[in-house]
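Number of protein chains: 2
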Amino acid sequence: MKTSPKTLRVVQYGVGPIGLAAIRAVLARPDLELVGAIDIDPALQQRDVADLAGLRRPSGVRVSHRAQEILAVGQPDVVLHSTQSHLEDVLPQIKDCLEARANVVSTCEELVFPSVRQPRLTREIDALARSKGAVVLGTGVNPGFVMDTLALASTSPCQDVSSILVERVVDAALRRVTLLKKVGAGLTLAEFRAEVRNRRLGHVGLVESLYLVAAGIGWELGRVTEKLTPLIAKKSIRTPHLTVKARQVSGLHHVCRGFRGGKQALQLDLQIFVGAKNPYDRIVIRGKPPLDIRLEGGLAGDEATVGMLLTMARGIEGLKPGLRTMLDVTLPHFRSGK
Amino acid sequence: MKTSPKTLRVVQYGVGPIGLAAIRAVLARPDLELVGAIDIDPALQQRDVADLAGLRRPSGVRVSHRAQEILAVGQPDVVLHSTQSHLEDVLPQIKDCLEARANVVSTCEELVFPSVRQPRLTREIDALARSKGAVVLGTGVNPGFVMDTLALASTSPCQDVSSILVERVVDAALRRVTLLKKVGAGLTLAEFRAEVRNRRLGHVGLVESLYLVAAGIGWELGRVTEKLTPLIAKKSIRTPHLTVKARQVSGLHHVCRGFRGGKQALQLDLQIFVGAKNPYDRIVIRGKPPLDIRLEGGLAGDEATVGMLLTMARGIEGLKPGLRTMLDVTLPHFRSGK
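Sequence order for the protein chains is A and B. Our numbering numbers the first residue of the first sequence as 25 and each following residue consecutively. Our numbering numbers the first residue of the second sequence as 25 and each following residue consecutively.
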């Protein structure tokens with residue numbers, strides 16, 4: 025990829041809640057220059073992103089749906105991409121970025137480790153990225169950090185590892201209304217089941233985290249299971265966005281397991297529900313030595329996702345062109361932009 | 025450096041407690057082949073390392089003080105080096121390894137980030153390593169992981185970081201007798217102070233961890249302070265190796281602080297003493313988002329040090345020749361050797 029300029033030219037692709045938070049963060053950093061913003065939402069067209077982000081000073085950057093034009097004019101070093109969860113949906117967007125020879129750091133959940141479930145799209149993106157000399161990386165907080173990258177890094181001092189369990193408990197009441205919908209908060213049990221059948225509910229990326237960890241350690245998994253169950257509110261819970269009544273769904277419990285030789289080697293256990301009293305993340309490594317790591321309060325989802333985007337905007341420097349994963353990056357960490 | 029062979033040829037340099045534990049770990053792994061063992065201790069000469077390590081089956085590898093000969097005959101891909109803490113002391117040993125064009129992964133504490141306090145030796149080792157096409161890396165659990173590498177990785181999801189505190193509380197009673205001596209357990213207060221003056225007490229590497237974290241984040245530190253205080257036993261404590269009487273020293277409290285613009289940005293706070301009831305490690309990041317990470321029970325020092333050696337024996341693959349630090353390595357993690 026291109027050698028590192030002192031100031032990175034950045035285009036934000038997707039101006040939803042994450043995109044706006046990323047824009048605020050980029051505008052606050054002297055080492056990043058926002059040179060464009062892309063979104064298809066008609067209501068956002070030609071709006072100054074600073075205005076949308078609640079900032080007083082206009083940025084001069086206006087939202088446009090004309091992706092190719094924005095990329096051609098802006099000539100970004102890196103595109104921060106946060107639109108959708110499924111690789112198939114974002115494929116044309118990523119292709120546009122690559123055609124403009126821009127690197128892409130994306131929160132698309134399936135992009136965190138796509139080779140197992142999307143081998144054809146993976147090869148296609150990888151080949152295009154190589155031919156354009158650009159890097160594509162999927163990242164984020166979950167998937168992308170707490171249940172995979174951090175879990176892997178935590179195994180560094182182990183001479184041996186027999187199994188890894190990662191738990192994440194998120195209080196959905198503190199999160200965006202889109203997340204509340206994704207976890208089914210406020211639905212009846214029947215509605216929840218119908219939504220699961222229609223694949224409109226659930227957390228995308230858990231199985232990608234599982235495959236990322238397995239690939240890092242060098243474990244070939246046999247059986248991989250996924251289980252999605254509703255959590256039911258015992259009493260009525262009021263949130264800023266909606267009220268969940270007693271016996272309605274408060275959220276979901278999503279568990280992904282990976283087995284080796286019939287034995288469970290990996291378990292990623294995610295609960296997102298309204299009213300979680302003590303949210304936390306926990307990484308339990310059975311090994312020599314064992315580790316029991318707890319993130320008190322849990323890692324704040326949206327802020328942390330934007331943090332990962334910014335960290336990896338710099339963190340992809342020096343990587344070989346192609347579709348890369350967090351397994352390929354140099355020790356990731358916050359870098360002061362000053 | 026050399027491209028990665030399926031099996032790595034390994035020489036163990038230093039056959040003390042860490043070296044022996046590393047030998048046991050190497051012999052247990054199909055992807056690592058022990059091809060030599062170096063130590064100056066007369067009592068160890070020509071002893072089979074398997075015998076020393078308490079293993080039944082002879083390894084055929086005998087300890088020798090003839091470093092150059094062992095390296096020339098063994099032609100190791102990597103030397104696992106664990107002898108002393110100060111760079112000046114280990115310099116000739118590392119030079120011998122480099123002359124044999126072997127990569128070096130070392131637990132020498134000062135080697136974890138030597139450029140600030142040992143700029144001349146750093147340049148010398150770096151130049152020799154480059155000229156021989158080999159990599160030299162300092163690693164370990166502390167310094168090398170829990171107070172620096174893991175702390176840095178934990179900042180990945182942060183958009184901003186204002187300060188980092190790492191605490192580590194170690195129960196010295198669970199550790200080797202050499203460590204008990206290093207922390208002054210069983211000394212009177214007067215003896216402790218004399219030993220500190222003679223620089224025979226204290227933990228080497230805390231300030232190296234501090235500089236490693238600062239360099240990763242891009243913080244230029246102004247003032248850096250170090251404070252070493254004795255911890256006093258309130259009552260008599262018996263350990264497998266010695267008994268600490270009431271009012272004797274039970275261990276030490278070593279605090280290293282780094283300031284930016286007069287404000288404390290980094291604090292590494294280490295307590296190692298006999299009778300620590302709830303050992304733990306804790307990483308507290310003030311930032312957006314904040315993180316509060318706790319390693320319950322603390323990370324077992326010796327086992328984890330050996331784990332880091334093995335992880336980095338593979339983890340240096342692909343690095344440019346020269347003196348490298350944990351800042352340069354690809355996301356470190358355990359790799360199954362099978």
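None of these hints come from the bench; they were simulated from the model. Just to be clear, a hint being listed does not mean it is correct.
Chain copies aren't distinguished; within one or between two, either way the pair holds.
As the list claims (entries may be wrong) - No more than 30 Å apart at the CA atoms, straight line, and that leaves these computed lysine-lysine pairs for DSS-like:
| hint | residue 1 | residue 2 |
| --- | --- | --- |
| 1 | Lys312 | Lys205 |
| 2 | Lys287 | Lys312 |
| 3 | Lys205 | Lys269 |
| 4 | Lys312 | Lys301 |
| 5 | Lys259 | Lys344 |
| 6 | Lys362 | Lys287 |
| 7 | Lys258 | Lys119 |
| 8 | Lys156 | Lys287 |
Remember, predicted model here, so these are calculated numbers, not experimental data.
Structure-based check of all given hints:
Taking identical chains as interchangeable, the C-alpha atoms of Lys312 and Lys205 lie at most 30 Å apart only when they sit on different chains, with a minimum of 26 Å there against 41 Å within one chain. For the identical chains of this complex, Lys287 and Lys312 are intra-copy neighbours only, at 18 Å inside a copy versus 39 Å across copies, given an alpha-carbon limit of 30 Å. In this homomeric assembly, Lys205 and Lys269 come within 30 Å of each other (Cα to Cα) only inside a single copy, at 15 Å, whereas the closest approach across copies is 62 Å. In this assembly of identical chains, the alpha carbons of Lys312 and Lys301 lie at most 30 Å apart only when taken from different copies (22 Å versus 33 Å within one copy).
Taking the closest pair of Cα atoms, Lys259 and Lys344 never come within 30 Å of each other, the shortest separation being 53 Å inside a single copy and 59 Å across copies. Within a single copy, Lys362 and Lys287 get their C-alpha atoms only as close as 49 Å, which misses the 30 Å cut-off; across copies the closest is 16 Å, which meets it. When the C-alpha separation of Lys258 and Lys119 is checked against a cutoff of 30 Å, the pair qualifies neither within a copy, at 47 Å, nor between copies, at 68 Å. Taking identical chains as interchangeable, the C-alpha atoms of Lys156 and Lys287 are never at most 30 Å apart, the minima being 43 Å within one chain and 45 Å between chains.
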